[in-house]
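Chains as they are written, first to last, in this note's numbering: chain A, 1 to 116; chain B, 1 to 114.
The reader is advised that the hints may include incorrect statements.
Claimed, not checked - Simulated DEER-style distance windows between Cβ atoms:
1) B:K14 with A:Q83: 36 to 46 Å
2) B:S67 with A:V14: 42 to 52 Å
3) B:G96 with A:R115: 38 to 48 Å
4) B:R77 with A:S71: 21 to 31 Å
5) B:G40 with A:A81: 27 to 37 Å
6) B:T20 with A:K3: 22 to 32 Å
7) A:F47 with B:G40: 20 to 30 Å
8) B:S67 with A:A81: 44 to 54 Å
9) A:D18 with B:W110: 50 to 60 Å
10) B:N28 with A:T31: 21 to 31 Å
11) B:G96 with A:V85: 28 to 38 Å
12) B:T112 with A:S74: 18 to 28 Å
13) A:T80 with B:K14: 43 to 53 Å
Because the hints were derived from the structure by calculation, they are not lab data. From a predicted model like this one, the values you see are computed outputs, not experimental measurements. Ideal Cβ placement from N, Cα and C applies to all residues, glycine included.
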Amino acid sequence: AQKVTQAQTEISVVEKEDVTLDCVYETRDTTYYLFWYKQPPSGELVFLIRRNSFDEQNEISGRYSWNFQKSTSSFNFTITASQVVDSAVYFCALSEGRGDDYKLSFGAGTTVTVRA
Amino acid sequence: NAGVTQTPKFQVLKTGQSMTLQCAQDMNHEYMSWYRQDPGMGLRLIHYSVGAGITDQGEVPNGYNVSRSTTEDFPLRLLSAAPSQTSVYFCASSRGLSSGNTIYFGEGSWLTVV
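Using the sequences plus the hints, can you model the full thing?
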């Protein structure tokens, strides 16, 4: 069963538009960790954020913000005022606790294209 | 700040050939993993290790072999390459996440099997 679902395969926006990437996860653990990674065209994986299951506080980092809602098992990511440099594939990932917290289950990724 | 280092970055193999993807980390992390990335499927776990001398299978282990003789190194071996193993491979390392740590990835290795 897919543990992390990113329903949006591709999103295309014009520069300065906001874009929200959806991530829905599935786990029976009460302790787990959620991640977002960015993969630019150069191919490396860039860590963006990690969130613990017991910390539902939303976070903002510059133009990036994350909305974590345990009630709906979602961890959505918003880019405000998008820029061309935001064009990348974005992955949401889940690490389940109880001793397996070094393994990640990834979503299929969402390709974001920001047009000038 | 070397972090996680993977070599080679690009490799073309012929079907049936063997090769080893190297992974080294200099952060004294006990946990290391190998993932493969295929279009539309995200990254999938191949093998992992929780410490020197200890390895185990992940989601897609067939056709791959690993060993962990030191804390720093975690090589991934393709015993007899097949076109289905054409993929991008990522090595990762971490300490446990409960102490606020994160998971670090190498820059990836692009493998083509013809």
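So, going through the hints one by one against the coordinates:
1. Separated by about 42 Å at the C-beta atoms, K14 (chain B) and Q83 (chain A) satisfy the suggested range of 36 to 46 Å.
2. S67 (chain B) and V14 (chain A) have their C-beta atoms about 50 Å apart, which keeps the hinted 42 to 52 Å range intact.
3. At roughly 42 Å, the beta-carbon separation of G96 (chain B) and R115 (chain A) lies within the given 38 to 48 Å, and the hint holds.
4. Between R77 (chain B) and S71 (chain A) the beta carbons are some 45 Å apart, a value that contradicts the proposed interval 21 to 31 Å.
5. Take G40 (chain B) and A81 (chain A): their Cβ atoms lie about 29 Å apart, and the range 27 to 37 Å holds.
6. The hinted window of 22 to 32 Å between T20 (chain B) and K3 (chain A) holds, with their beta carbons roughly 30 Å apart.
7. The supplied range of 20 to 30 Å is met by F47 (chain A) and G40 (chain B), whose beta-carbon atoms lie about 22 Å from each other.
8. Our hint of 44 to 54 Å for S67 (chain B) and A81 (chain A) holds, since their Cβ atoms are close to 48 Å apart.
9. Between D18 (chain A) and W110 (chain B) the beta carbon distance is about 33 Å. The supplied range of 50 to 60 Å is therefore violated.
10. With their beta carbons about 24 Å apart, N28 (chain B) and T31 (chain A) fall inside the hinted range of 21 to 31 Å.
11. Look at G96 (chain B) against V85 (chain A): about 33 Å separates their beta carbons, and that is inside 28 to 38 Å.
12. Roughly 37 Å separates the CB atoms of T112 (chain B) and S74 (chain A), a value that falls outside the hinted 18 to 28 Å.
13. Taking the beta carbon of each, T80 (chain A) and K14 (chain B) are about 48 Å apart, inside 43 to 53 Å as hinted.
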